[in-house]
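Enquirer: The listed protein sequences correspond, in order, to chains H and W. Quick note: the first sequence uses our numbering, first residue 2, plus one each step. Quick note: the second sequence uses our numbering, first residue 38, plus one each step.
Simulated from the structure, these hints should not be mistaken for laboratory data. Don't take each hint at face value.
[Claimed, not checked] In the DSBU-like style, the derived pairs of lysine-lysine whose C-alpha atoms are separated by at most 35 Å in a straight line are:
{"#": "1", "chain 1": "W", "residue 1": "Lys116", "chain 2": "H", "residue 2": "Lys8"}
{"#": "2", "chain 1": "W", "residue 1": "Lys522", "chain 2": "W", "residue 2": "Lys348"}
{"#": "3", "chain 1": "W", "residue 1": "Lys239", "chain 2": "W", "residue 2": "Lys332"}
{"#": "4", "chain 1": "W", "residue 1": "Lys434", "chain 2": "H", "residue 2": "Lys144"}
[Stated by the list, open to error] Computed from the model, here is a short list of chain H residues facing chain W with C-beta under 10 Å:
{"#": "5", "residue": "Ser5"}
{"#": "6", "residue": "Ile6"}
{"#": "7", "residue": "Val7"}
{"#": "8", "residue": "Val214"}
{"#": "9", "residue": "Met215"}
{"#": "10", "residue": "Leu221"}
{"#": "11", "residue": "Gly222"}
{"#": "12", "residue": "Lys226"}
{"#": "13", "residue": "Ala227"}
{"#": "14", "residue": "Ser230"}
{"#": "15", "residue": "Ala231"}
{"#": "16", "residue": "Arg233"}
{"#": "17", "residue": "Ala234"}
{"#": "18", "residue": "Arg239"}
The beta carbon of each residue, even a glycine, is placed where N, CA and C say it ideally should be.
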Amino acid sequence: MRLSIVKRQEPLPGGSFFILAGALVFSLSISALLLALQGKSALGGLYVLWHGAFGAGYALVDTILKSVPIYLCGLGVAVAFRMQIWNIGAEGQFAMGAVGATWAALTFPEAPAALVLPLMFACAALAGGAFAFIPAWLKTRLKVNEIISTLMLNYIAILFLDYLVYGPWKEKRSFGFPMTAQFSDAAVIGGIGGSRLHWGLVVCVLAGILVFVMLRFTRLGFELKASGSAARASRYARMPYDALVWTVMAICGALAGTAGLIETSATVNRLQPSVMAGYGYTAIVVAWLARLNPLTIALAAFFLAGLRVGVENLQLELQVPAAFGNIMEGLILLSVLAGQFFQTYRIALRRRAG
Amino acid sequence: MDRVADITVVRLEGISKSFGAVKANDAIDLDIRAGHILALLGENGAGKSTLMSILAGRFRPDAGRILVDGRETVLSSTKDAIRAGIGMVYQHFMLVPTMTVAQNVLLGQEGGFWLNRGRMEARVAELAEFFGLAIDPAATVSELSMGERQRVEILRLLARDSRVLIFDEPTAVLTPPEIVHLFAALKSMANRGKAIVFISHKLEEVLSLSDDIAILSRGRVVDRVETRVVCSKAELASRMVGREVFLEVEKEPLPPGEVVLEMSGVTGFGLKEVSLTLRQGEVLAVVGVAGNGQKALVETVTGFRRPATGKVNILGREWTEFFRNPDWKHALAYIPEDRLGLATCPNLDMVDNVLLTTRQGFTRGPFMEHGRARQVTADMVRDFDIQPARIATPAGKLSGGNLQKLVLAREFYRAPRLIVAEQPSQGLDVKATEEVWRQLLAARACAGILLVSGDLSEALQLADRIAVMFRGRFMDVFPVSDTAKVEAIGLAMAGVGAGH
Numbered sequence: 002m003r004l005s006i007v008k009r010q011e012p013l014p015g016g017s018f019f020i021l022a023g024a025l026v027f028s029l030s031i032s033a034l035l036l037a038l039q040g041k042s043a044l045g046g047l048y049v050l051w052h053g054a055f056g057a058g059y060a061l062v063d064t065i066l067k068s069v070p071i072y073l074c075g076l077g078v079a080v081a082f083r084m085q086i087w088n089i090g091a092e093g094q095f096a097m098g099a100v101g102a103t104w105a106a107l108t109f110p111e112a113p114a115a116l117v118l119p120l121m122f123a124c125a126a127l128a129g130g131a132f133a134f135i136p137a138w139l140k141t142r143l144k145v146n147e148i149i150s151t152l153m154l155n156y157i158a159i160l161f162l163d164y165l166v167y168g169p170w171k172e173k174r175s176f177g178f179p180m181t182a183q184f185s186d187a188a189v190i191g192g193i194g195g196s197r198l199h200w201g202l203v204v205c206v207l208a209g210i211l212v213f214v215m216l217r218f219t220r221l222g223f224e225l226k227a228s229g230s231a232a233r234a235s236r237y238a239r240m241p242y243d244a245l246v247w248t249v250m251a252i253c254g255a256l257a258g259t260a261g262l263i264e265t266s267a268t269v270n271r272l273q274p275s276v277m278a279g280y281g282y283t284a285i286v287v288a289w290l291a292r293l294n295p296l297t298i299a300l301a302a303f304f305l306a307g308l309r310v311g312v313e314n315l316q317l318e319l320q321v322p323a324a325f326g327n328i329m330e331g332l333i334l335l336s337v338l339a340g341q342f343f344q345t346y347r348i349a350l351r352r353r354a355g
Numbered sequence: 038m039d040r041v042a043d044i045t046v047v048r049l050e051g052i053s054k055s056f057g058a059v060k061a062n063d064a065i066d067l068d069i070r071a072g073h074i075l076a077l078l079g080e081n082g083a084g085k086s087t088l089m090s091i092l093a094g095r096f097r098p099d100a101g102r103i104l105v106d107g108r109e110t111v112l113s114s115t116k117d118a119i120r121a122g123i124g125m126v127y128q129h130f131m132l133v134p135t136m137t138v139a140q141n142v143l144l145g146q147e148g149g150f151w152l153n154r155g156r157m158e159a160r161v162a163e164l165a166e167f168f169g170l171a172i173d174p175a176a177t178v179s180e181l182s183m184g185e186r187q188r189v190e191i192l193r194l195l196a197r198d199s200r201v202l203i204f205d206e207p208t209a210v211l212t213p214p215e216i217v218h219l220f221a222a223l224k225s226m227a228n229r230g231k232a233i234v235f236i237s238h239k240l241e242e243v244l245s246l247s248d249d250i251a252i253l254s255r256g257r258v259v260d261r262v263e264t265r266v267v268c269s270k271a272e273l274a275s276r277m278v279g280r281e282v283f284l285e286v287e288k289e290p291l292p293p294g295e296v297v298l299e300m301s302g303v304t305g306f307g308l309k310e311v312s313l314t315l316r317q318g319e320v321l322a323v324v325g326v327a328g329n330g331q332k333a334l335v336e337t338v339t340g341f342r343r344p345a346t347g348k349v350n351i352l353g354r355e356w357t358e359f360f361r362n363p364d365w366k367h368a369l370a371y372i373p374e375d376r377l378g379l380a381t382c383p384n385l386d387m388v389d390n391v392l393l394t395t396r397q398g399f400t401r402g403p404f405m406e407h408g409r410a411r412q413v414t415a416d417m418v419r420d421f422d423i424q425p426a427r428i429a430t431p432a433g434k435l436s437g438g439n440l441q442k443l444v445l446a447r448e449f450y451r452a453p454r455l456i457v458a459e460q461p462s463q464g465l466d467v468k469a470t471e472e473v474w475r476q477l478l479a480a481r482a483c484a485g486i487l488l489v490s491g492d493l494s495e496a497l498q499l500a501d502r503i504a505v506m507f508r509g510r511f512m513d514v515f516p517v518s519d520t521a522k523v524e525a526i527g528l529a530m531a532g533v534g535a536g537h
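From just these sequences and the hints, can you work out the full model?
Expert: Rendered as structure tokens:
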């Protein structure tokens with residue numbers, strides 16, 4: 002008897018669901034094993050994780066709030082990935098969006114909400130989108146690989162943000178902490194009906210609907226799909242490939258920038274280095290888990306946000322290192338990617354011939 | 038029979054294979070005999086590729102038996118097939134371009150841990166000489182021509198002592214001299230006892246090469262005949278499609294209309310002083326050995342390569358102006374040689390592939406009219422008899438003929454005034470070729486057609502005028518009725534003759 006790999010003639014029916022479920026079980030088991038290796042109770046740890054993320058009302062609200070920036074970044078990343086533009090620069094575009102919004106909030110501290118909030122949205126989208134034009138320009142004019150350029154630009158954006166909060170924008174009375182002055186009340190996105198859930202959620206819903214409609218029903222969406230499916234055929238069909246690259250980068254930059262704005266304004270109420278929590282990278286995992294579908298991205302974002310919140314709980318209660326969350330995130334992504342192999346192949350047991 | 042061997046190496050009994058509702062193979066019986074060249078003929082989608090994939094161990098049959106040397110054998114992987122002595126040369130070669138011929142041939146069977154380059158090369162050289170396959174074992178594969186690469190593939194099978202060698206349309210990528218070379222090698226291998234299976238659409242090749250012919254249609258072997266009793270291509274063609282097809286299409290000359298394409302003195306990128314005038318209602322065929330500037334000509338006319346010097350006018354507008362924002366309708370349609378990689382997206386369904394070049398016609402504001410696109414695609418599928426008729430089928434799952442019909446249906450929907458058709462019937466069976474030819478001739482009513490073909494009979498059937506291309510230059514342009522010049526096309530293609 003030995004194992005052999007056989008290609009499926011038809012893709013596994015309902016495969017993506019089973020694969021996702023299987024990959025989750027697999028990665029959670031490994032995580033439990035890792036907990037056990039540290040001398041913690043494996044099942045207890047998973048329970049603490051679950052309870053910390055979804056188990057109580059305040060935990061659920063935390064998870065929903067964390068899924069907002071992850072969702073917006075994931076949406077943007079998915080648009081670019083649809084065209085096989087591997088933009089991993091959502092993190093940097095998020096930072097630039099936060100910077101853009103903060104500029105508007107600090108420049109017009111007296112302005113009413115009706116003026117300053119739209120201005121902040123415009124500045125965040127513009128800053129994020131314009132920042133994403135740099136790799137677009139590098140790719141279309143100089144044929145620079147966008148994976149490398151977007152990754153490196155992330156560091157530039159984060160350092161630029163750091164420079165601002167440590168330097169020109171630093172609040173005088175912050176006792177040396179790197180942070181700007183608190184935003185005026187007008188520049189803070191408020192809670193819905195007095196709850197901790199803020200209006201950024203509504204922005205997510207609107208953005209999700211827009212992106213869904215754009216991908217599904219518009220000519221732009223069709224051209225993105227065709228260009229991502231076969232670049233040569235899209236050139237044959239005279240699709241404006243370069244313009245499409247600029248467009249997807251701008252959309253992704255604007256969405257990630259908006260995420261930066263919401264996180265800065267609604268959650269922290271000021272700009273400080275802690276807004277950079279790696280949502281732009283988690284967004285890549287989210288987009289991929291959700292197979293670039295705007296609706297399932299919401300689920301994946303909620304799930305990974307829950308993981309982040311739950312791991313914080315795990316840190317507190319079981320003294321697990323903070324990196325454990327990153328390890329789990331990586332495990333889930335790798336298991337899902339590896340699991341997709343079973344969509345087109347299966348492993349067969351067979352007897353050795355002869 | 039004066040062959041070295043006449044024994045059945047592989048016998049197929051009642052092989053059946055279905056994909057969903059489609060019976061790709063239906064109770065096929067076939068004997069593959071040592072020392073014989075068996076030709077497998079059939080339309081696109083007749084089940085040839087499925088049958089050969091079963092033999093090569095890539096598919097398992099749903100029913101039936103495979104007997105190797107009289108013993109029932111299960112081929113559940115390509116390794117099993119290789120072990121049983123069955124090897125396949127695919128249309129797309131599977132070689133490591135950066136390695137040498139000898140390394141490629143002996144890949145995976147070097148024996149020990151240490152490689153001995155000299156001994157490997159000596160072994161490959163010996164093998165090559167024995168079977169008459171001239172090749173330098175030390176050459177790097179990336180530097181070889183397609184014909185030489187094919188020889189490497191063959192040697193790889195021979196080095197594994199394959200006794201049955203299957204060739205899937207082996208001449209499609211070869212130049213005429215390489216085809217002669219290949220045929221000599223195939224005959225030499227058969228004489229040394231190998232069983233050869235040769236899949237082809239080209240009737241004359243089958244007639245000149247094979248010992249036996251098996252004709253497949255709709256998954257069944259419908260006819261089996263010894264080649265020496267077949268007297269003509271016409272007879273073979275009629276056996277193949279089950280009715281008399283002489284591969285002649287009726288062509289009524291149309292009165293030439295206005296000029297749709299005019300080139301004068303176009304030079305550069307391999308073109309030399311190319312000038313031509315094409316009018317609505319006529320077909321101008323550009324013939325020549327591949328690689329003599331046809332590609333540059335097509336790319337220039339279709340707007341993908343700016344002419345370096347000289348003038349190109351399309352539909353009365355200068356090249357730059359025309360391609361600044363070409364209309365999707367009543368303008369230019371291009372039917373490329375590469376149907377799957379260039380003309381269509383393999384993973385997208387038929388509707389999306391129809392939208393590929395017609396999307397401007399299905400746009401309302403920023404939105405696409407997907408419903409109407411589905412309706413139009415369904416109409417195309419019906420009018421052009423595309424199989425399978427399910428419009429959600431991805432283009433990559435269509436057979437060559439059906440894919441070409443989809444491309445034609447889409448491009449004709451654009452009501453073009455200028456059509457550039459590149460090898461439109463390449464790789465198609467007789468029936469599909471005939472349909473494609475009829476469609477092209479019908480399209481002349483509104484358009485001028487620039488036909489670029491390596492198939493002389495196609496050019497003669499369709500064209501009003503013929504341009505012979507050699508080293509980037511038109512050697513001569515003449516009406517197809519000029520029998521003296523038609524006779525001398527071969528010379529002109531070789532660079533000899535008038536027109537300087």
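Enquirer: Mind listing which of the numbered hints don't hold for this structure, in increasing order?
Expert: none
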